[in-house]
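> Protein sequences, first through last, are from chains R and C. Quick note, this note's numbering runs 325 ahead of the 1-based positions in the first sequence. Quick note, this note's numbering runs 325 ahead of the 1-based positions in the second sequence.
Read the hints as simulated data drawn from the structure, not as lab findings. A portion of the hints provided could be inaccurate.
A pair holds if it fits inside one copy or across any two, identical chains being indistinguishable in the list.
Unchecked claim - Using 20 Å as the maximum straight-line C-alpha spacing, the simulated SDA-like pairs for lysine to any residue come out as follows:
#1 K327 - E348
#2 K327 - I729
#3 K456 - I646
#4 K629 - H619
#5 K573 - N559
#6 K607 - I621
#7 K607 - E657
2 protein chains.
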Amino acid sequence: MKRVKVRKGDNVYEGIEIPSVDEKYLVLKLDNGYNIAFRRNEIKVDIIGEFEKKSKKIEKKEARYRKELRDVSIIGTGGTIASKIDYTTGAVYPAFSPEELEKMVPEIFELANIYPREVLQILSENMNIEKWKRVGNAVIEEINKDRSIVIAHGTDTMHYTASFLSFTLKNLSLPVVLTGSQRSSDRPSSDSRMNLFCSVKFATTDYNKVVICMHGTMEDTFCYVHKGVKVRKNHTSRRDAFQSVNTKPVAKVYYNGEIEFFEDMPAKHEKRAYFDDKIEEKIFLLKVFPNIAHEILDFLIDQKYRGIVLEGTGLGHTPSILYNTIKRGIDEGVTFCMTSQCINGRVNMNVYQTGRKLMELGVIPCKDMLPEVCYTKMMHVLGHARESDEIRKLMRTNIAGEIIEDTVIL
Amino acid sequence: MKRVKVRKGDNVYEGIEIPSVDEKYLVLKLDNGYNIAFRRNEIKVDIIGEFEKKSKKIEKKEARYRKELRDVSIIGTGGTIASKIDYTTGAVYPAFSPEELEKMVPEIFELANIYPREVLQILSENMNIEKWKRVGNAVIEEINKDRSIVIAHGTDTMHYTASFLSFTLKNLSLPVVLTGSQRSSDRPSSDSRMNLFCSVKFATTDYNKVVICMHGTMEDTFCYVHKGVKVRKNHTSRRDAFQSVNTKPVAKVYYNGEIEFFEDMPAKHEKRAYFDDKIEEKIFLLKVFPNIAHEILDFLIDQKYRGIVLEGTGLGHTPSILYNTIKRGIDEGVTFCMTSQCINGRVNMNVYQTGRKLMELGVIPCKDMLPEVCYTKMMHVLGHARESDEIRKLMRTNIAGEIIEDTVIL
Chain R
326 MKRVKVRKGD NVYEGIEIPS VDEKYLVLKL DNGYNIAFRR NEIKVDIIGE
376 FEKKSKKIEK KEARYRKELR DVSIIGTGGT IASKIDYTTG AVYPAFSPEE
426 LEKMVPEIFE LANIYPREVL QILSENMNIE KWKRVGNAVI EEINKDRSIV
476 IAHGTDTMHY TASFLSFTLK NLSLPVVLTG SQRSSDRPSS DSRMNLFCSV
526 KFATTDYNKV VICMHGTMED TFCYVHKGVK VRKNHTSRRD AFQSVNTKPV
576 AKVYYNGEIE FFEDMPAKHE KRAYFDDKIE EKIFLLKVFP NIAHEILDFL
626 IDQKYRGIVL EGTGLGHTPS ILYNTIKRGI DEGVTFCMTS QCINGRVNMN
676 VYQTGRKLME LGVIPCKDML PEVCYTKMMH VLGHARESDE IRKLMRTNIA
726 GEIIEDTVIL
Chain C
326 MKRVKVRKGD NVYEGIEIPS VDEKYLVLKL DNGYNIAFRR NEIKVDIIGE
376 FEKKSKKIEK KEARYRKELR DVSIIGTGGT IASKIDYTTG AVYPAFSPEE
426 LEKMVPEIFE LANIYPREVL QILSENMNIE KWKRVGNAVI EEINKDRSIV
476 IAHGTDTMHY TASFLSFTLK NLSLPVVLTG SQRSSDRPSS DSRMNLFCSV
526 KFATTDYNKV VICMHGTMED TFCYVHKGVK VRKNHTSRRD AFQSVNTKPV
576 AKVYYNGEIE FFEDMPAKHE KRAYFDDKIE EKIFLLKVFP NIAHEILDFL
626 IDQKYRGIVL EGTGLGHTPS ILYNTIKRGI DEGVTFCMTS QCINGRVNMN
676 VYQTGRKLME LGVIPCKDML PEVCYTKMMH VLGHARESDE IRKLMRTNIA
726 GEIIEDTVIL
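Looking at chain R on its own, in the form it has when it is part of the complex (with noise of 0.2 Å):
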């Protein structure tokens, strides 16, 4: 490859100039990580040299068992934490070898004894029951070794991840610390680095719950250790895309170690870990919009699904178009969870004519709970209950702190 210096009007970049998919771009990736596409014709280029990839020596560490640490288990499961570019296509894949972890954060077997376990190689889109059970399993394997958990996991679901564990690994007494990377880690510019250190570090302490473990910000500087139930990938490439909504984080892991918490630590379990494998499948996360039709929702019951959350409008509501559908789906025995599109804020079905009609038809209003966790808890809930009357408490029942209570209505 060519490192090239690219003028377009008044600005000049350097960098290695990397295969592009359409040949009227040139792609330039920058010293920095950042990768640059330019039109063709814009541009001015001169090659100012020939690339190598520089060989790092890596210094190897011997995995010696040091008795004065915990022990953290990392588990893979493939994702851009995992991931390497394809300089032939441009496009990262899933290269994850757990022996690779010690050449990337070498840093991190200072901070506790390292078990790697790969259990997945998948990009998280691909995510699914069947491979959260693999996952949950594992974790449950891991932590009756009295290993802490750290789970490398692709961004793009990792929350839904986390809200699925939160709700189905019981009685956890030690942590569970999702994390991931927004760059591949042989990118300069990568997060997975301090991603890494600051999960392995949050995973020493005694919090003993599922979180997401990710940048605080744009810069290496701490990660914010976010509630497994009350985060959302907010921005698609940004280091910093986990945010917690409608709560604060639970700590601030600074990249030189230390550690700021904003809530006490958890009760203590006395019972052995375990995870709750009793799932309801057939659960759908249905998106309310303008001019949705109702056939998708009577198709949605044809098809024997036990339970819908609608991402309504505003404080929960649906177009008054939908009524009849929901009103037969509960007459049929399918439960129907209402949450907000809004992201922010909370349901509240009793402000207006229309929320209260839902209600009245048999919609449970989830209270602050996300769309995908209330979908992950749909998932639980109606594993264990049949009847309504059970589900309804159970769905507006804190599990795992996915419900923060407020008594301001508006």
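Since chain R is already given, all that's left is putting chain C on it; use the hints.
Frame of chain R; chain C shown alone:
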């Protein structure tokens, strides 16, 4: 109604007790207009007086034409901005008569010659294409009388409507400003007064595009004016729920009438404005999530949907289990557009193999377009184009400011 003092623990609240839907709760309207609900078994209540509704003395203004002012038509569609509380049920119901404007916000009559016109009386969750057409046609009638437009709209779907109108109102010579209210106008905490004031003020400028004008903060200090294709309701109840996404607002309108523009005035149109009602109605907006089954897509294709907006994960992905059905749809002439459920950021399907695969199938990556905007844009584009190449080109070309090009790919 009774004025009461409520003690809960060490806290004391004073206000008017208003009827509650659930007798287990006492609902208190505080003097600042907010309502609080208390569990009756957790509080002590003292009645301290009877509540009498203050009858404000309204000075009737004569709607007199003033030549030096611009003409502004206020189009009523319903929603909270035109709502009142029903004190017997505690619910809010629509109750708008154009004349009430003068009682509510007499100061707007100092800003412009006001022409109120009620087009709809609905809560905005019931907004749909037929109603959008009525609004669009009414806007053009008023614009062609040389009147700027303020549309009073429910907040649930205001951003969908703003986006729809942005694509379908052509050659606008004057501003079209949508506004609404998060609190009904007979509450002391209502935001409707300042929102209407700032909207009318902005309507008197030369910014000839569709915008949303709503509270910029929780305070009554200023409104932000957002592009109709770059804005979203991001909170269920806060006054500052509407936010510009992936761009900054157009302007700030202070409650004293000052306007601070953040961009240049758009070019003028010489041609006559019109409402372009060529709309493809069979468009579906589908949120993708882990475990989504391909049957739902098969159903939408069977139902003859012509366009499907995928609200994908991350940079624009779906589970690979959907690929075959997407291929089937594209083979049958269905257009698939990709947006991201992350909301912030932009789709980039070149980064991962999975994104590249979706592009090979023919899915159109929709840059930094919001899913809701992509949905209304597809209605417009598929109403005009039938050839897949033309559709692709139009979807990826800026029509109303919905795309912000960016040379940084990742």
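> Work down the list of hints and note, for each, if the structure agrees.
Taking the hints in turn, this is what the structure says about them:
1. K327 - E348: within (16 Å within a copy, 75 Å between copies)
2. K327 - I729: neither (55 Å within a copy, 30 Å between copies)
3. K456 - I646: Only across copies: K456 and I646 sit 14 Å apart there, 37 Å inside one copy, limit 20 Å.
4. K629 - H619: both (16 Å within a copy, 15 Å between copies)
5. K573 - N559: both (15 Å within a copy, 17 Å between copies)
6. K607 - I621: Close inside one copy (15 Å) and across copies (13 Å); limit 20 Å.
7. K607 - E657: For K607 and E657, the Cα distance is within 20 Å only inside one copy (14 Å; across copies 28 Å).
Violation of the numbered hints given earlier is confined to hint 2; every other hint is satisfied by the structure.
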